[in-house]
Amino acid sequence: MISLLLLLLVPQVVLDTSRAVPLPPVVVTATRSARPLTEVPVPTQLVPAEAIRRSGAARLSDVLAEQPGLLLFEDHGTGLMIQGFEPDYTLLLLDGEPVIGRTAGTLDLKRFTVQGLDRIEIVRGPSSSLYGSEALAGVVNLIRRRPEAPLAASLHARTETHGTHQLGTSAELRRGRLGASLLLDHYRTEGYDLAPDVFGPTAPSLRDYTADAYLTWDLPRRSLLSLAFRRHQQQRRSAFALEGTPHDESYRQMDWSLHPRLQQQLTRRMRLDASLYLTGYETRTRMTRREDGALYYADRFSQAYRKLELRLQQLLTDRQLLTLGGGAIEEALEGDRYAGRVSARSGFLFAQHEWTPRRWIEVVTGFRFDAHSDYASRLSPRLAVLIRPAETYRLRASIGSGFKAPDFRQRYLVFTNAAAGYSVFGVTRFREELARLQAEGQIARLLIDPDRVTTLRPESSVAFNLGGEATWFDEALTLSLNLFHNEVRDLIDTQPVAQKTNQAFVYSYFNLARIYTRGLEATLTARPVSALALSLSYQYLETADRDVLEAIDAGRLYGRTASGRDYRLRRSDYGGLFGRSRHSGTLQLRWQPTSLGLTVALRGVWRSRYGYRDVDGNGVPNRTDEYVPGYSLWHLTVGRRLGRHLELQGGAFNLFDLRRPALMPFQPGRRWFVTLTVHV
Amino acid sequence: MHPRTFLLLSLTLVLLLAACDSSEPLDETTPVEAVRVEDLPADPTTPDPQTGRPVGTGRYTFFSLRTGQIVLRYDEPDRSDSASTAWDLAFQGTNILINGGTSGPGQGGAVVLEVPFEEVTEAPTDDQFRVDGVDECPNGVKRAICPGSGNGWYNYDPTTHIVTPIPGRTIVVRTADGRYAKVRILSYYKGAPDPGAIDPEANPSRYYTFEYVFQPDGSRRLQ
Chain A
1483 MISLLLLLLV PQVVLDTSRA VPLPPVVVTA TRSARPLTEV PVPTQLVPAE AIRRSGAARL
1543 SDVLAEQPGL LLFEDHGTGL MIQGFEPDYT LLLLDGEPVI GRTAGTLDLK RFTVQGLDRI
1603 EIVRGPSSSL YGSEALAGVV NLIRRRPEAP LAASLHARTE THGTHQLGTS AELRRGRLGA
1663 SLLLDHYRTE GYDLAPDVFG PTAPSLRDYT ADAYLTWDLP RRSLLSLAFR RHQQQRRSAF
1723 ALEGTPHDES YRQMDWSLHP RLQQQLTRRM RLDASLYLTG YETRTRMTRR EDGALYYADR
1783 FSQAYRKLEL RLQQLLTDRQ LLTLGGGAIE EALEGDRYAG RVSARSGFLF AQHEWTPRRW
1843 IEVVTGFRFD AHSDYASRLS PRLAVLIRPA ETYRLRASIG SGFKAPDFRQ RYLVFTNAAA
1903 GYSVFGVTRF REELARLQAE GQIARLLIDP DRVTTLRPES SVAFNLGGEA TWFDEALTLS
1963 LNLFHNEVRD LIDTQPVAQK TNQAFVYSYF NLARIYTRGL EATLTARPVS ALALSLSYQY
2023 LETADRDVLE AIDAGRLYGR TASGRDYRLR RSDYGGLFGR SRHSGTLQLR WQPTSLGLTV
2083 ALRGVWRSRY GYRDVDGNGV PNRTDEYVPG YSLWHLTVGR RLGRHLELQG GAFNLFDLRR
2143 PALMPFQPGR RWFVTLTVHV
Chain B
854 MHPRTFLLLS LTLVLLLAAC DSSEPLDETT PVEAVRVEDL PADPTTPDPQ TGRPVGTGRY
914 TFFSLRTGQI VLRYDEPDRS DSASTAWDLA FQGTNILING GTSGPGQGGA VVLEVPFEEV
974 TEAPTDDQFR VDGVDECPNG VKRAICPGSG NGWYNYDPTT HIVTPIPGRT IVVRTADGRY
1034 AKVRILSYYK GAPDPGAIDP EANPSRYYTF EYVFQPDGSR RLQ
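Going down the list, the sequences are from chains A and B.
Each residue of the first sequence is one higher than the one before, starting from 1483 at the first, in this note's numbering.
Each residue of the second sequence is one higher than the one before, starting from 854 at the first, in this note's numbering.
Hints are computed from structural coordinates only; laboratory data are not their basis.
No residue lacks a Cβ here, since even glycine has one placed at the ideal position from N, Cα and C.
Accuracy of the hints is not assured; some may be wrong.
[Said to hold, decoys possible] Partial selection, computed: residues in chain B whose CB lies under 10 Å from chain A:
1. Val908
2. Gly911
3. Pro930
4. Asp934
5. Asn948
6. Thr974
7. Asn992
8. Val994
9. Ser1002
10. His1014
11. Thr1017
12. Pro1018
13. Gly1021
14. Leu1039
Let's have the full structure, built from the sequences with the hints guiding it.
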């Protein structure tokens, strides 16, 4: 209902009631205003609840892995790679608010149940002009299902290979102006062991619990008050051997969020959106020696994030919509690696102007200004244009800037590796910690002037996206294309600053590297008959470190063959950034024969080889043994309704049981599953 | 012997030598052959009995490029030879010293070229040579062969903790007595395993395998 109301606010949407064509789905992430999916000026994808359900996936990682143009990236968890960027550069939102709790930059997608979602919106290319930090590669917005049914409940039970079980229940209720929904989800797995000769499992056993509540209250004058709450908890158990001695590891993670929000219609043409978002995240790690329980390592970390945001949307004359917003963020963290508690404040302002000067063209301009206590301020503009030369064609062009703020480690870390003796200090702590080491006589020499450790600039990009889509045969065939180029500078990396008397180094963080990612995304969707839908996608991706290219062009970069011969690298020998496949694609086939009452969903994900390590010491992938060979994964899900209340689903992920224990420890092989859902 | 006879004999000898020179010129006959040194111990670590942390002695192993021999091992308690001109390179962990400047009494120096070993045919001019304690590295240390990942002969991978010689880098060394050699580091691990298959048990670190060409005639030719 609310999205329809917003549609009225948005001038460029023409509601054509003369044709009995269903309205295209509405998305809200790309411009923070409700727009039909086909009318957004930047590349946007939508994964509706129906597609999530059809895939049979239990966790967000499995759903996103099979979407066109998205790849997973494994690094301290399962993260998402959009347009060739590591997971740190994609912002993950829950109902428009940022989810916190990253480990080494990765927000583990396995943490999220897909139950209770209405849809997932994915925006590619930078959206820092609306969302600020982290929205550099793209934005993924998980949108909760709004309670609409007078009374409904469902029970969901699922079992999978490796002792994986999921049990969930959801209920929703609507009485007059009040709506409420509640979701409880339990997920557990026993983990797996791909290398039985090595002590300890490859993946830990885990227990995961999610509780989510959503209350809505329709107010007069098309206004809405809502309150969302989520709590999630996960425990993992694992074991490993340290120089032949068995050790146990336990890991606990908890996060919660509370999100009251008021959407108030102020006048016929003005709307206010006030949002308070409180969220927390904490982890505890313990490693103990098995024989006597002696503590080997313990770590605690907790993070809090509070945000208040006000947003005003004003419908102007001549089909213009103006959005003005601003807010304040307070962050705090405490942890063993951060030597106590630190906190930071930031403020932001943003403005966006959406304008339809002619029926065939829309122009969206916007900017956001972020000021932070710990790093340099940042202005992020964006200009996007949508052109409709005809009803069945859309052209999109945008230029924008994205940024990623220095993360906590880069700002606050105080860490000394007990085994190797080196230290890493975040820039705000560097002076004080270096002085402490100097006073203790631990510093042998300074390697660079410590004054060079100074305020970091956010990592920032300039990006171009150019594409569009065309439909034929009354939307039975759709082709969409997008060319992208992201030029990124000031990437942050460590560099030694001093050497200790134990010869180990003291590191801090600096703005160093420059990279680019560029390529093409193409998706072809066909619906030859109503029971059959086919979607094919392809992504071509080029990535490179600018400094590496300079070294290659200057003839300074070499490779070493297995036989020990050194050879000068050419550009064509350079495999780009690690973990990036040059070619990748997806296939989605959906078959719903009405006579059988079945839903069959076959999905394939393919990617070409990608660099994963450096063997010959030049720091870049160039030798065959530095790549993971390309592969494809196939998933099949078959579902059937059994009467009014029951639904049965079964299938397999990784149908052909691809396993590469050494190269892909995160891939457990074929996973069979069966799900039974009871609707009341 | 009659002085004339002596003169004649001497002349014959000189002519003979000159004849030899033209057929097999002395300044081109020399080194060409590369010498390979395997598993030179550069202060390998042992676990500290109390903390279990790997520790070394901090002492260097001294090597002579002229004789192809170790002059003084890191585990030799008598360190008297370290202050001599008997050695040309000293190895400890990833550090390599030359016999000159603050490191030794010799005329030693070095320069790390971004040119593959085979393509280095001549030592650079003396103004390009660097000396310990004199010439500053990108990270501020004054060393001929700069320490630190990417600065000198090796790259360090912080995720795998593996030290790999940088391909295409050649260390040209001026020996303690002012002659020239070129050195290529092949491995930092015992047994010089393939860098993609280093087994920490079988291939402990701080063991150098390298090849070098030494020019004994004092010329700059290194081919």
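Would you list, in rising numerical order, the hints stated earlier that this structure does not obey?
-> Violated hints (numbers, rising): 3, 4, 6; every other hint is consistent with the structure.
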